[in-house]
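First to last, the protein sequences are chains A and B. The working numbering applies: residue 1 is where the first sequence begins, and numbers increase by one. The working numbering applies: residue 1001 is where the second sequence begins, and numbers increase by one.
These are calculated hints, taken from the structure and not from any lab test. Positions of the beta carbon are idealized from the N, C-alpha and C atoms, including for glycine. Any given hint might turn out to be false.
[To be verified] Derived EDC-like pairs (lysine to aspartate or glutamate); straight-line CA-CA distance at most 20 Å:
1. Lys255(A) x Asp1096(B)
2. Lys1050(B) x Glu1230(B)
3. Lys1174(B) x Glu253(A)
4. Lys1050(B) x Asp1096(B)
5. Lys255(A) x Glu1081(B)
6. Lys255(A) x Glu1159(B)
7. Lys1050(B) x Asp1026(B)
8. Lys1150(B) x Asp134(A)
[Unchecked claim] Have a look at the derived ranges for each label pair, beta carbon to beta carbon:
9. Lys1050(B) x Val116(A): 36 to 42 Å
10. Val116(A) x Val1221(B): 38 to 44 Å
11. Thr1058(B) x Ala135(A): 31 to 37 Å
12. Val23(A) x Gly1175(B): 42 to 48 Å
13. Phe44(A) x Gln1129(B): 37 to 43 Å
14. Ala16(A) x Thr1058(B): 42 to 48 Å
15. Asp1096(B) x Pro51(A): 40 to 46 Å
16. Ile45(A) x Lys1143(B): 40 to 46 Å
17. Lys1173(B) x Ile274(A): 21 to 27 Å
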Amino acid sequence: MTAGSERVVERLFFAAAFVSAFVTVFIFGFLVYYGLPLFSGGRFIEILSSPWAPHQGSFGIYPMIVGTLAISMLAMVFAFPLSMGCAILISVVSRGRLSKVIRKVVEAMTGIPTVVYGFVGIFLLIPLVRNVFDAGSGMCVLSASLMLAVLVSPTMILFFCDSFDRVPRSYGHAVLALGGTRIQQFLHVTLPCSWPGIVVAVTLALGRAVGDTLIALMIAGNAVQVPGSVFDSARTLTSHIALVFAADNESLEFKAIFACGVSLYLFTTILVLIIRLAVHERGKCGQVR
Amino acid sequence: MRSRILMLLGAAIFFMTFSTSAMASDLDSFKGEKGEIKIAGGTAHIPVMKEAARRIMTLSPDVQISIAGGGSGVGIKQAGEGLVDIGNSGKKPSEDEISRYGLHLFQWAIDGVAVIVNPANKVRALTQQQVADIYTGKISNWKDVGGVDKQINLYTRDEASGTREVFWNQALKKGEIAANANFSVSNGAMKAAISQDPFAIGYVSVGHIDESVAAVAFDGVIPSRETVKEGKYSIARGLYSCTKGAPAGLTKKFLEYLFTEEGQQIVVEQGFIAVK
Chain A
1 MTAGSERVVE RLFFAAAFVS AFVTVFIFGF LVYYGLPLFS GGRFIEILSS PWAPHQGSFG
61 IYPMIVGTLA ISMLAMVFAF PLSMGCAILI SVVSRGRLSK VIRKVVEAMT GIPTVVYGFV
121 GIFLLIPLVR NVFDAGSGMC VLSASLMLAV LVSPTMILFF CDSFDRVPRS YGHAVLALGG
181 TRIQQFLHVT LPCSWPGIVV AVTLALGRAV GDTLIALMIA GNAVQVPGSV FDSARTLTSH
241 IALVFAADNE SLEFKAIFAC GVSLYLFTTI LVLIIRLAVH ERGKCGQVR
Chain B
1001 MRSRILMLLG AAIFFMTFST SAMASDLDSF KGEKGEIKIA GGTAHIPVMK EAARRIMTLS
1061 PDVQISIAGG GSGVGIKQAG EGLVDIGNSG KKPSEDEISR YGLHLFQWAI DGVAVIVNPA
1121 NKVRALTQQQ VADIYTGKIS NWKDVGGVDK QINLYTRDEA SGTREVFWNQ ALKKGEIAAN
1181 ANFSVSNGAM KAAISQDPFA IGYVSVGHID ESVAAVAFDG VIPSRETVKE GKYSIARGLY
1241 SCTKGAPAGL TKKFLEYLFT EEGQQIVVEQ GFIAVK
């Protein structure tokens, strides 16, 4: 490759990077600009903390913020152990054919559209939750987060596996040579060394759980209330945008969804920052202990 | 061998001409047409739209008709902004919307909005007061209205729904809806939810009622095409299609088709009340 063509390629990559970064900033600017009437005069805090009652002139999104947090966090609580266990099975415990088959299945799962999960949720999970717990309609925080856990798990599993596989074999061999078991090898070498990969996987999965619309829209029930228990119907910020988006453009309801957009944006940004810091704190492989 | 093929071909051509001429009908104006019609909005309208589109596209394969839901609010908005050719609405757009967007309205059917419960539920009649009390949360157990001792699971529709607006105005008399009500995004989704939940109550367009859900008599009147038509059943509304400005070309033909004898027959077949 000549120096000239190399420069062209370099420019192209730079352009790609610039465009994607610019779009992100641009979207934030767009949201803030349209939400401006709501943010001026300290009303932003009011919107974040008050209830949604359009007929009484209150356009707060507090119930939706709580709903989003509850559903996505609970989903992570279900998904993390599940994914960790599955990844350990694939990359550590079994390295034969079984592991390959499971891996293929997980890879296939990443491509399933969320609407399919939504349907499965409506016809299988919701009646199950309703009958087992005998609480309400079955459209609730618990159902949505169980389904979301299934949605985000494949991504986490594959990331976990990749980061386990990236740990140099020689490290593991050293443990075995010292008489350590496979489990000790995993707990004391593989796991600490793959810490950054695990954090990235969790960030991505949490981002997906927070940002997913359809599952919560179809399964969580969408009631505008602060959920008091996991069996209560709840609405996420994303479902709220989807539900209110259809309202008249000129109405205050419509304008309030820009506040939802900004909150979602800030929420994921803060999340990513916190997790980045956490990775920094823990240091890199080789410096552990 | 060759003559046989020719004969078959001849028969086929004869049959095709014959069958099309036998169908000589309100669809004729679509013959040889090509183009696209984009439709979105009210979900109560969808069965009629689909059937009309199916007939048109069978006759003229070059015509593409896409039908999306979204709710009446979406229909009005997208038609007004020129995103779709026809925006459906289950409520009359406000004067402000009509003048702001320059909408033309076509009301091609009348529809009732019925209170529905799961077929397993024995409650089959409610008064207006009971329905309103159930929706505000004042009555929260089925035993208070003659059912089993189970909590009532409320289902409602989103703000963009025309069905919701009609129900809220006429059945709830603009009363409050309890915060714990679940939200469904279309008539279809509402029906699916109610048919799955034995302790649910919800409301759908009368045209959407089938054996998977049970309609509840409202103030003693069972919601059906007949009772809505006779004016006995009070929760009723028009089904509208809106266009930005006067419709032209294919869009115009599509709307005209809805008002023909055949179009109105589709309306009736799908459980709505014809306007002609």
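Verification of the hints:
Straight-line distance between C-alpha atoms of Lys255(A) and Asp1096(B) comes to about 18 Å, which keeps the hinted pair within the 20 Å bound. Only pairs whose Cα atoms come within 20 Å are accepted, and Lys1050(B) paired with Glu1230(B) is rejected, the gap being roughly 27 Å. Only pairs whose Cα atoms come within 20 Å are accepted, and Lys1174(B) paired with Glu253(A) is accepted, the gap being roughly 18 Å. The straight-line distance between the Cα atoms of Lys1050(B) and Asp1096(B) is roughly 30 Å, outside the 20 Å bound, and the hint therefore fails.
Only pairs whose Cα atoms come within 20 Å are accepted, and Lys255(A) paired with Glu1081(B) is accepted, the gap being roughly 17 Å. For the given pair, Lys255(A) sits about 14 Å from Glu1159(B) by alpha-carbon distance, which is consistent with the 20 Å threshold. A threshold of 20 Å between alpha carbons decides the hint, and for Lys1050(B) with Asp1026(B) the separation of about 17 Å falls inside it, so the pair holds. At roughly 10 Å between alpha-carbon atoms, Lys1150(B) and Asp134(A) fall within 20 Å of each other, so this suggested pair holds.
Between Lys1050(B) and Val116(A) the Cβ separation comes to about 22 Å, which falls outside the hinted range of 36 to 42 Å. Our hint of 38 to 44 Å for Val116(A) and Val1221(B) holds, since their Cβ atoms are close to 41 Å apart. Under the hint 31 to 37 Å, the C-beta atoms of Thr1058(B) and Ala135(A), about 48 Å apart, miss the expected range. Here the CB-CB span from Val23(A) to Gly1175(B) is close to 45 Å, well matched to the stated 42 to 48 Å.
Evaluation of the 37 to 43 Å hint for Phe44(A) and Gln1129(B) yields a pass: the beta carbon distance comes to about 41 Å. Under the hint 42 to 48 Å, the C-beta atoms of Ala16(A) and Thr1058(B), about 46 Å apart, fit the expected range. In this structure the supplied range 40 to 46 Å is violated for Asp1096(B) paired with Pro51(A), their Cβ-Cβ distance being about 27 Å. Checked against the hint of 40 to 46 Å, the pair Ile45(A) and Lys1143(B) passes, with Cβ atoms roughly 44 Å apart.
A C-beta distance of roughly 49 Å is found between Lys1173(B) and Ile274(A), which places it outside the suggested range of 21 to 27 Å.
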